[in-house]
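Work out the full structure: start from the sequences and follow the hints.
Residue numbers (the working numbering), protein chains in the order written: chain A, 1 to 550; chain B, 1 to 216.
Worth flagging that the hints you see were computed from the coordinates, not collected in a lab.
Computed from a predicted structure; not experimentally measured.
Glycine included, each C-beta is placed from N, C-alpha and C at the ideal position.
Hints may be right or wrong, so weigh each one.
[Unchecked claim] Have a look at the derived ranges for each label pair, beta carbon to beta carbon:
hint	chain 1	residue 1	chain 2	residue 2	range
1	B	Lys26	A	Ala36	49 to 59 Å
2	A	Phe319	B	Gln185	49 to 59 Å
3	B	Met63	A	Val228	23 to 33 Å
[As the list claims (entries may be wrong)] Which residues of chain B face chain A? A few of them, derived with a C-beta cut under 7 Å, are:
hint	residue
4	Gly24
5	Leu27
6	Thr35
7	Ile38
8	Gly42
9	Glu143
10	Gly144
11	Gln146
12	Gly174
13	Ile178
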Amino acid sequence: MSTNSIGTVNYLNVDKSIWSWIYTTDHKRIALMYLAAMMMFFLVGAGLGFIMRLELMTPGKTVIDAQTYNSFFTLHGVIMIFLFIIPGIPAVFGNFFLPIQIGAEDVSFPRLNLLSFYLYVIGACLALYSIFFGKTIIDTGWTFYVPYSLTTGSDVMLPLIAAFVLGFSSILTGLNFVTTIHRMRAPGMDFFKMPLFCWGLYATAWIQVIATPIIGITIVLVLLERTVGIGVFDPAKGGDPVLFQHMFWIYSHPAVYIMILPAMGLVSDIIATFARRQIFGYSVMAITSMSIALIGYFVYAHHMFTSGMDDTAKIIFSFFTFLVGIPTGVKIFNWVATMYKGSIDLKTPMLFVLAFIFIFSIGGLTGLVLGALQTDIHLHDTYFVVAHFHYVMFGGTVFIFFAGLHYWFPKMFGKMYNEKVSKVVVALMFVGFNTLYFPMFLMGYMGMPRRYYESLPEYTTYHQVSAVGSWILILGILLMVGNFLVALNGKRMAKQNEWDSMTLEWTNAATPPVTLNFDKIPTVTAGPYNYPDYSDSEGNPSLEILGEKH
Amino acid sequence: MSHTAEHSHDASHAEVHVHRDDFGSKLGMWLFLFTEVILFGGLFLLYFSYRVKYSHDFHEGAMELDLVKGTMNTAILLTSSLTMALSILFLTKGNKKWSLIHLAVTILCGFGFLINKYFEYGHKIELGIYPSKTSGELMNMPEGQQVFFGLYWAMTGLHSFHVIVGMILLSYFGVQIIKQTKVTQENYARLENGGLYWHLVDLIWIFLFPLFYLLH
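Below you can see the structure in the form of structure tokens.
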């Protein structure tokens with residue numbers, strides 16, 4: 001158990017035929033298939049973003065025409081949101097590590113899990129079909145707002161059906177995870193002994209189950225409108241387009257918490273591991289995850305402050321938007337407090353997390369600027385929103401996705417990557433990211449509208465700085481992918497517990513894990529971050545050690 | 001949460017493991033039903049928003065609907081929920097024959113509902129009251145009625161689709177009862193989950209019926 005199991009039977013080499021992958025119900029193999037698909041889509045989406053930045057370097061046409069630009073920002077959004085960050089962390093790391101972290105052999109419904117994956121693949125094919133075979137490419141923006149999405153001549157049908165199918169996939173994953181957490185925990189694994197990553201997934205899974213059907217029915221109505229003219233959102237037939245926006249954001253705002261909550265959980269795991277400390281305020285961290293999920297439902301209309309809404313409603317939604325900042329702030333402070341007096345080891349995952357805390361704080365605080373009624377009137381639909389969104393989603397979720405990749409890569413594949421290169425990757429990404437997106441805050445503040453093909457000359461310098469940032473960022477991403485590919489084919493074996501972490505996937509499962517995860521289902525007696533106490537001699541009264549000490 | 005349900009856990013090295021968790025599968029089913037409620041919930045939300053906006057037109061629209069057929073369908077679905085519950089009860093008592101009979105009656109009720117709906121829809125189409133991009137009487141009606149009938153078709157249509165899915169599901173379980181493979185006296189979780197689904201479809205109709213047919 002304590003050695004690397006690459007030479008012996010593990011989940012990767014137990015059966016190497018292609019059919020054993022296609023028909024697999026092993027959560028770890030499904031996770032890897034998701035990972036492969038998602039990295040591909042991520043690179044496509046990043047490529048589209050790269051070309052858009054290139055286009056905006058000079059006023060007028062640089063590389064693509066205006067209609068192509070419209071399609072590009074739509075596809076960039078659709079791919080990145082529906083194919084990458086919504087399923088992202090839950091489908092890859094959740095699938096792989098949720099069962100192992102709670103000491104289970106698999107998820108509750110393994111076959112349903114495989115179905116989720118195939119629905120994801122079908123959805124992805126539908127979304128991307130029009131790029132390769134369609135006559136026209138969707139140009140509505142990823143929000144599909146009516147009435148434009150009802151009247152545009154571009155191909156809206158397939159991407160909409162794709163979003164519906166992907167929603168189904170997301171619901172089934174959420175349903176599976178909730179049931180798994182309730183039913184499959186190992187003996188002794190109480191709810192409050194679960195790693196915080198599992199708590200993040202649990203909160204997320206509930207949002208997936210409760211919010212996603214709303215976008216499903218909204219999409220069905222738009223499809224019915226385009227095919228048979230059902231008229232529910234068509235102003236000519238008495239319908240109200242603003243109601244579409246309500247329905248859309250009832251799902252799509254909670255969806256950003258689907259994206260961020262698992263990432264926040266993972267941040268807690270990584271910080272505890274590399275600061276070698278019990279997480280500060282463990283139960284508060286778990287509860288804040290749930291409360292973000294809950295409050296997240298009552299903030300959606302802050303996307304619509306300029307759409308025409310009752311003033312009282314605006315004030316209430318603005319209030320709740322500020323309220324959701326509280327649990328988020330608590331998390332940030334707890335992470336920093338965990339590191340205080342810890343024995344911090346600056347390995348790559350930890351560096352990503354530190355970059356995350358810096359970037360996400362900027363993203364979160366600018367979110368409050370947008371959540372305030374007056375400032376939002378000025379900043380609505382400007383680059384400020386684009387910058388805010390990328391600071392929380394790219395700098396938040398995607399950075400942590402990468403952190404997770406570096407954290408769990410040794411466990412998943414049994415190989416170790418080159419740490420020196422990966423630290424360069426973090427540096428490139430951090431510098432590239434801020435160079436790319438920070439100028440957008442400034443442009444947005446000055447009034448540059450989002451989604452515009454053309455821009456005034458005074459913005460050109462900012463766009464050019466931004467473009468340079470995108471090159472650095474892309475370089476970092478490619479270097480990371482290369483580093484992983486080299487490691488996969490290399491001979492450097494990972495240790496069974498590469499980071500001396502305390503959660504079950506490191507302490508009790510082989511590297512890489514065997515098919516049923518454990519030789520023997522573990523019995524859990526202590527909390528997940530039961531590190532040897534490094535606190536000073538007078539002790540730290542706020543340290544709350546769960547379970548028994550080592 | 002109760003942990004009394006069967007939960008056999010084979011922690012040996014065996015690569016094939018038997019994991020049966022009836023409570024877990026029912027939990028999964030409830031979560032799925034939750035998503036169904038919210039799927040229709042979105043439509044109910046639209047219904048209420050438009051009802052406030054076009055209360056008079058909704059009144060006029062409701063007068064056009066066939067109250068007799070609507071009431072018949074309500075009775076049919078309520079009966080089918082009873083027979084569904086009895087079917088599960090008989091199976092757990094080991095009475096395969098009566099379980100199957102009640103299951104068949106449930107499915108037949110579903111057919112009855114759809115036939116009724118077919119005539120109702122047919123009559124509406126005859127009158128030209130159907131959504132269309134180009135023609136039809138509906139386009140000449142007041143805006144509020146256009147929305148009313150748009151929602152009527154969308155909501156009852158989606159509901160009928162669920163009835164069809166339910167019938168297919170129950171037929172499949174019927175075959176499994178006959179074969180005594182996956183659904184037996186000891187292992188009836190599937191039929192129970194199918195029953196839960198059927199009751200939900202019934203429940204949605206219980207809300208659709210007054211909102212469209214009764215609320216003038």
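Consistency of the hints with the structure:
The hinted range of 49 to 59 Å is not satisfied by B/Lys26 and A/Ala36, whose Cβ atoms lie roughly 34 Å apart. Range check, A/Phe319 to B/Gln185: Cβ separation about 56 Å, and the 49 to 59 Å hint holds. Taken as a hint, the range 23 to 33 Å holds for the pair B/Met63 and A/Val228, whose Cβ atoms sit roughly 24 Å apart. Interface hint at B/Gly24: satisfied, since its Cβ lies 4 Å from the closest Cβ of chain A, which is below the 7 Å cut-off.
For B/Leu27, the interface hint holds, since its Cβ comes within 7 Å of a Cβ in chain A; the closest pair sits about 5 Å apart. Because the beta carbon of B/Thr35 sits about 5 Å from the nearest beta carbon in chain A, less than 7 Å, this interface hint is met. For B/Ile38, the shortest C-beta to C-beta distance to chain A is roughly 4 Å, which falls under 7 Å, so the interface hint holds. Below 7 Å, beta-carbon pairs count as interface contacts, and B/Gly42 has one with chain A at about 4 Å; its hint therefore holds.
Hint status for B/Glu143: holds, given a least beta-carbon distance of 3 Å to chain A, under 7 Å. Hint on B/Gly144 holds. Least Cβ distance to chain A is approximately 6 Å, under the 7 Å limit. Contact between B/Gln146 and chain A, as hinted, is supported at the beta carbon level, the nearest pair being about 5 Å apart and thus within 7 Å. Hint status for B/Gly174 relative to chain A: violated, with the closest Cβ pair at about 22 Å, above 7 Å.
The restraint placing B/Ile178 at the interface with chain A is violated, with a minimum CB-CB distance near 23 Å, outside the 7 Å limit.
The structure shown violates the earlier hints numbered 1, 12 and 13.
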